[in-house]
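Trainee: Chain residues, written in single-letter form:
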Amino acid sequence: MYPPRFRYEAPRSLREAITLLQEGGGEAKILAGGQSLIPMLKLRFASPGMLVDINNLPGLDHLTRDGDGTIRIGALCRHEHIERSELITEHQPTIAAAAPLVADPIVRTRGTFVGSVCHADPQGDWAACMIALDGAIVAEGPGGRRSIAARDFVTGPFQNVLASDEIAVEAVIPPPQGEARGGYLKLERRIGDFATAAVAVAVDLRGDQVTRAGIALVGVGGTTIDARDAADALVGSPLSSDAIERAAELAAEAAQPRSDHRGSASYKRHIVRTFTSRILTQIDRSTQKAA
Amino acid sequence: MTSLFNEVAPPASDDVPTRRVTITVNGEPRTADIEPRLLLAHLLRQGLKLTGTHTGCDTTNCGACTVLFDGRPVKSCTMLAVQADGHEVTTVEGLASPSGLHPVQEGFKDEHGLQCGFCTPGMMMAAKALLDENPSPTEDDVRWALAGNLCRCTGYQNIVKAVLWAAERLGGPDTEPETEEAS
Chain D
1 MYPPRFRYEA
11 PRSLREAITL
21 LQEGGGEAKI
31 LAGGQSLIPM
41 LKLRFASPGM
51 LVDINNLPGL
61 DHLTRDGDGT
71 IRIGALCRHE
81 HIERSELITE
91 HQPTIAAAAP
101 LVADPIVRTR
111 GTFVGSVCHA
121 DPQGDWAACM
131 IALDGAIVAE
141 GPGGRRSIAA
151 RDFVTGPFQN
161 VLASDEIAVE
171 AVIPPPQGEA
181 RGGYLKLERR
191 IGDFATAAVA
201 VAVDLRGDQV
211 TRAGIALVGV
221 GGTTIDARDA
231 ADALVGSPLS
241 SDAIERAAEL
251 AAEAAQPRSD
261 HRGSASYKRH
271 IVRTFTSRIL
281 TQIDRSTQKA
291 A
Chain Y
1001 MTSLFNEVAP
1011 PASDDVPTRR
1021 VTITVNGEPR
1031 TADIEPRLLL
1041 AHLLRQGLKL
1051 TGTHTGCDTT
1061 NCGACTVLFD
1071 GRPVKSCTML
1081 AVQADGHEVT
1091 TVEGLASPSG
1101 LHPVQEGFKD
1111 EHGLQCGFCT
1121 PGMMMAAKAL
1131 LDENPSPTED
1141 DVRWALAGNL
1151 CRCTGYQNIV
1161 KAVLWAAERL
1171 GGPDTEPETE
1181 EAS
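As given, the protein sequences belong to chains D and Y, one line each in that order. Residue numbers for the first sequence follow this note's numbering, so the first one is 1 and each next one is one higher. Residue numbers for the second sequence follow this note's numbering, so the first one is 1001 and each next one is one higher.
Note that these hints are calculated values from the structure, not bench results. Since the structure is predicted, the reported quantities are computational estimates derived from the model, not experimental observations. Where is the CB? At the ideal position from N, CA and C, for every residue including glycine. Incorrect hints may have been included.
[As the list claims (entries may be wrong)] If you want a taste of the chain D side facing chain Y, the calculated C-beta under 8 angstroms gives, among others:
1) Tyr2
2) Pro3
3) Tyr8
4) Pro11
5) Gly34
6) Ile38
7) Lys42
8) Asn55
9) Pro105
10) Ile106
11) Val107
12) Thr109
13) His270
[Claimed, not checked] The calculated label-pair distances, taken between Cβ atoms and stated as ranges, are:
14) Y:Arg1143 <-> D:Asp61: 25 to 33 angstroms
15) D:Glu253 <-> Y:Thr1024: 52 to 60 angstroms
16) D:His261 <-> Y:Asp1033: 39 to 47 angstroms
[To be verified] Sample of chain D residues facing chain Y (criterion: CB under 8 angstroms; computed from the structure):
17) Met1
18) Arg5
19) Phe6
20) Gln35
21) Pro39
22) Asp53
23) Asp104
24) Arg110
25) Gly192
Next comes chain D alone, as it looks inside the complex (with noise of 0.2 angstroms):
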């Protein structure tokens, strides 16, 4: 299979990127790592008229923390570089836990962070981490930079807010209220399909009190789920099996899964109180051997 024609342009800066998608006018698409991107334009679910590859963009590989926790994750830092990052290992517990469970090793060493974000599949198991740990993408277009609640920037199956001028340079990653805690837990029947379900969990605790809490859901709905309620319920309180087990099954009834080849509704729904359960309690318990 091969894709379609397009114009490809390779700039050397971000403004020589950015003038050419206010040239493309909504027709340019941007070319990062392309695990997602390149497949569609092979299967034509895609045929932009020009491609602006960010690839030899200087300066937007990094992944740093910043003196106040900050995380920063450049637009084009590997999902392979934060898999192996001891920065993420040490700090970051969500992320950590995705990385290895992203599409498969190969596809990892080229596939971005970023880019998986922008992508928007509701499959993606970012965009859920990033919404679950409250982080945002920080896009620069012709007026500059701003930045958008993960939560916010998706908007649909495949779509984000993203102006066809703007490019997604950063996610940044907000410093932990307390301690950051957190999960995540995919079922796929095998590496690198999509998933059946997965859930991302991320929560701070200060002592034994949850000061901030975000759950996100996968592959259980039309995108990414944001579970709020059942973030919430855990919110100024110490973690216990009862707030545990209440958690579990808002994120079950915040999730809208649809019967297929991978399972009924219901299962689905099972698998994310189940996973929603499995990782809270896990941190109870770690928690609990702390003290």
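For this one, chain D is given, so just place chain Y on it according to the hints.
Mentor: Relative to the frame of chain D, chain Y by itself:
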């Protein structure tokens, strides 16, 4: 100026722009004029006649087209050839040296790590990438590293054995194939 794409698709009309790229393939710089939409896998196979790189699923699942791009494994059907300009690509043809097969190749031979052989080039390139970084992997490490490569024949048992065999061969200086041959 002929486009290499001519060999796999109707000739491009004169107004279709091509780009000149120079890619170091198996240690040798190769220059070609290509349409930007040409995939790396197709440049290797049709353009450079390196048909050891197989295209299986064409949808980034099977890993038969795995090559090393600047030393890391990539699925060459999911990369534009133009993106490899100025970079290094190693294909399965680059594994063996004048002194003989690469230990990964020997391992696949010795442990019967293939049946139909379609997935084998990709398997071997993924295995080489693993061993370059981790010379003494566990069975789990091997299975994990090959998770992006599908085999429809073997059930993977002998593939995993083959890679462990190669690791052992590469590991101990006493078991270097060259040493054996010299003695």
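Trainee: For each hint, tell me whether it holds in the structure or not.
Mentor: Hints versus structure:
For the restraint placing Tyr2 (chain D) at the interface with chain Y, the shortest Cβ-Cβ distance is roughly 6 angstroms, inside the 8 angstroms limit, so the hint holds. The restraint placing Pro3 (chain D) at the interface with chain Y holds, with a minimum CB-CB distance near 4 angstroms, inside the 8 angstroms limit. Interface hint at Tyr8 (chain D): satisfied, since its Cβ lies 3 angstroms from the closest Cβ of chain Y, which is below the 8 angstroms cut-off. A least Cβ separation of about 14 angstroms between Pro11 (chain D) and chain Y goes past the 8 angstroms threshold, and the interface hint is therefore violated.
The beta carbon of Gly34 (chain D) comes within 6 angstroms of a beta carbon in chain Y, closer than 8 angstroms, and the hint placing it at the interface holds. Because the smallest distance between the Cβ of Ile38 (chain D) and any Cβ of chain Y comes to about 5 angstroms, under 8 angstroms, the interface hint for this residue holds. With a least beta-carbon distance of about 6 angstroms to chain Y, the hint placing Lys42 (chain D) at the interface is held under the 8 angstroms criterion. For Asn55 (chain D), the suggested interface contact is upheld, since its CB lies about 6 angstroms from the closest CB of chain Y, less than 8 angstroms.
For Pro105 (chain D), the interface hint holds, since its Cβ comes within 8 angstroms of a Cβ in chain Y; the closest pair sits about 5 angstroms apart. With a least beta-carbon distance of about 4 angstroms to chain Y, the hint placing Ile106 (chain D) at the interface is held under the 8 angstroms criterion. Taking 8 angstroms as the C-beta contact cut-off toward chain Y, the hint placing Val107 (chain D) at the interface holds, the least distance being around 6 angstroms. For Thr109 (chain D), the interface hint holds, the least distance from its beta-carbon to any beta-carbon of chain Y being 5 angstroms, beneath 8 angstroms.
Hint status for His270 (chain D) relative to chain Y: violated, with the closest Cβ pair at about 26 angstroms, above 8 angstroms. For Arg1143 (chain Y) and Asp61 (chain D), the hinted distance range of 25 to 33 angstroms is satisfied, since their beta carbons lie about 29 angstroms from each other. Evaluation of the 52 to 60 angstroms hint for Glu253 (chain D) and Thr1024 (chain Y) yields a pass: the beta carbon distance comes to about 56 angstroms. For His261 (chain D) paired with Asp1033 (chain Y), a C-beta distance near 45 angstroms keeps the hint of 39 to 47 angstroms intact.
Against a cut-off of 8 angstroms between C-beta atoms, the interface hint on Met1 (chain D) holds, since the closest Cβ of chain Y lies about 5 angstroms away. The beta carbon of Arg5 (chain D) is positioned within 8 angstroms of a beta carbon in chain Y (closest approach about 6 angstroms), and the interface hint is therefore held. For Phe6 (chain D), the interface hint holds, since its Cβ comes within 8 angstroms of a Cβ in chain Y; the closest pair sits about 6 angstroms apart. At a threshold of 8 angstroms, the smallest CB-CB gap from Gln35 (chain D) to chain Y is about 6 angstroms, leaving the interface hint in force.
The interface hint given for Pro39 (chain D) is met, as the beta carbon of that residue sits about 5 angstroms from the closest beta carbon of chain Y, less than 8 angstroms. The interface hint given for Asp53 (chain D) holds, since its Cβ lies 7 angstroms from the closest Cβ of chain Y, which is under the 8 angstroms cut-off. Against a cut-off of 8 angstroms between C-beta atoms, the interface hint on Asp104 (chain D) holds, since the closest Cβ of chain Y lies about 3 angstroms away. Checking Arg110 (chain D) against chain Y: minimum C-beta separation of about 5 angstroms stays under 8 angstroms; hint holds.
At about 6 angstroms, the closest approach between the beta carbon of Gly192 (chain D) and any beta carbon in chain Y falls short of 8 angstroms, and the interface hint on this residue holds.
The structure is inconsistent with the numbered hints 4 and 13, although it conforms to all the rest.
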